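Asks: Let chain H serve as the given structure and place chain D on it in line with the hints.
Taken in sequence, the protein lines are chains H and D.
Per our numbering, the very first residue in the first sequence carries number 1; after that it's consecutive.
Per our numbering, the very first residue in the second sequence carries number 1001; after that it's consecutive.
None of these hints come from the bench; they were simulated from the model.
A couple of the hints might just be wrong.
Computed beta-carbon distance windows for the label pairs [said to hold, decoys possible]:
| no. | chain 1 | residue 1 | chain 2 | residue 2 | range |
| --- | --- | --- | --- | --- | --- |
| 1 | D | Asp1295 | H | Gly35 | 29 to 39 Å |
| 2 | H | Ala67 | D | Asp1031 | 23 to 33 Å |
| 3 | H | Glu165 | D | Leu1090 | 20 to 30 Å |
| 4 | H | Ile323 | D | Asp1102 | 42 to 52 Å |
| 5 | D | Asp1295 | H | Ala252 | 53 to 63 Å |
| 6 | H | His120 | D | Ile1033 | 51 to 61 Å |
| 7 | D | Gly1200 | H | Ile323 | 47 to 57 Å |
| 8 | D | Arg1036 | H | Arg69 | 29 to 39 Å |
| 9 | D | Arg1170 | H | Gly200 | 28 to 38 Å |
| 10 | D | Ser1064 | H | Gly35 | 54 to 64 Å |
| 11 | D | Gly1256 | H | Glu122 | 48 to 58 Å |
In this text, all values refer to a predicted model and were calculated from it rather than measured experimentally.
For glycine and all other residues, C-beta sits at the position ideal for the given N, C-alpha and C.
2 protein chains.
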Amino acid sequence: MTVNFTDIERAHQRISHLITKTPLLNSPRLDAIAGRRLWLKAEPLQVTGSFKFRGACSAISALSSEALRRGVIAYSSGNHAQGIALAAKLFKTRATIVMPHDAPANKVANTRAYGAVVVHYERGVESREDIGADLARRHGLSLVKPYDDPAVIAGQGSVGLELSEQIAERELSVSAILCCCGGGGLSAGIATAMAATNPGVTLYTAEPEGFEDTARSLSLGERVANETEQGSICDAIVTPIPGEITFPILKALAGGGFAVSDDQTLRAMRYAFDTLKLVIEPGGAVALAAALFADNLPSSDDLVVIVSGGNVDEAMFAKALTIS
Amino acid sequence: MTVNFTDIERAHQRISHLITKTPLLNSPRLDAIAGRRLWLKAEPLQVTGSFKFRGACSAISALSSEALRRGVIAYSSGNHAQGIALAAKLFKTRATIVMPHDAPANKVANTRAYGAVVVHYERGVESREDIGADLARRHGLSLVKPYDDPAVIAGQGSVGLELSEQIAERELSVSAILCCCGGGGLSAGIATAMAATNPGVTLYTAEPEGFEDTARSLSLGERVANETEQGSICDAIVTPIPGEITFPILKALAGGGFAVSDDQTLRAMRYAFDTLKLVIEPGGAVALAAALFADNLPSSDDLVVIVSGGNVDEAMFAKALTIS
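Here chain H stands alone, though its shape is the one from the complex (with noise of 0.2 Å):
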């Protein structure tokens, strides 16, 4: 099983009436500190407030209707559930969402304020996919995993269709991509896309410290895992092992991965309040802070950076914004 760019370009097709395209943005002053130009392509503004959405509007949309007669179930640990609520709200079907018992409480209160039910697990210990298989196999319901998924994939591939766009749009001198990843579905998928817009185009992965398990895999050439799922601020975005999906896409088409300290992702959200004025949450400003602040960065006159998402709680912004 893999994704193609036409599966891309049909899932857009059947979700754009419902997403955000969302903006590039650019900062003179965020280029200044990072001495380079950056474009950011801002997914905390897509609805629900990360890209999730457009995988979880793909894969929904995808399913017959005795299939969205019975219901949706997802696991994650809170941006792929609210997308996958929101999403089936949408298309007037029931969703369970099985997410860690340290998901922070406003990904929680979310998902359930836009209608699905909250099954809890606990991180490290149960398999959230044993879970999930169990529920869908006794009620009936279509699992749409959080990235191991082609439908989820061409989904989050539309963000390469709309980045393509406006590189062309604006005459942009594109040679690189920085992406936040977790699973690897964003990844994959915009790797994809570019592989067929944009060929010059290679896309890198950043991670957390201590959790670059893409990183590690790309450069091993095989999925390795990472020892802990535990104790990361960038909870968007950790991930047990890289995809069986979306591995062998990274494997041909990414450029390898950057991983960056939880310092540097505090600063890069800092950064981000100041100079565009938009909320990251620390797993969608891993790729920014990677641009900011990681050695051996590709050359790319204007540097992409996609960054994923802005479902943060109060707490941790207010920690962010007293970083020095």
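Replies: Positioned in the frame of chain H, the structure of chain D alone reads:
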């Protein structure tokens, strides 16, 4: 002197390659809080963090090469200052900015970062108009007023051109717009654009309580002044009296004005953080506060809210994040 639709179209032609076409954002969760469907025109995402960059580019792009050689001068509490400073840099001219002594530190620092020279005055004691006119005379500088300047109003009107496109694209049913209002340049520009493109749409102004000179002037049919310019958290939109050019436009086209409390404004900022992932400054949030909390709002299936700027410092934003 007034501004017509052709002036706005010409200004848009001069500046469209420099400005960001800001998105029109919707959030189902914010709609649930408001009890109505809201569409937020997100000018914090404009270059320099507010709509003021539009008017600044419009005015400076209309100057002669001789005027550009001598330089420009402006007075501003901060947002016009930043817009003029960057626009001057882009058009390769020098900017001198007269700012109040109590302007937010981040606005002063950013104005200097864009390359402008900052001159301070004491708000409420000295007249920034006199200081600006005097410096302009002595050094042959072109004064770009913050709102009572046809080229500035025409530039702000580009928000209205974008809105009419976005309303058509999304097939919205809009009969009212709420707009943050200081001197009235943005409101007058948008109202003029709407009168030409969407004559069924009426603009209403929003201001801080105690500083609602425009609401009172519209109600009385003549320009009346605020009793004081000091004591508001909405520094960006506290002006002494509606403009000589802007007020006749608003008197002819606007439906009236709303006033909101500081507490309502801070709550609107927190809701925007949570649901839109957008950083809004107090003065830029009064129209959203009116949409959420004011009585007797105009009926509109889709209510458009102009969010005018996001240049808020960390301390004020942290205050908004902790308001209950």
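Asks: Of the hints given before, which are not true for this structure?
Replies: Those not satisfied are hints 1, 4, 6 and 10.
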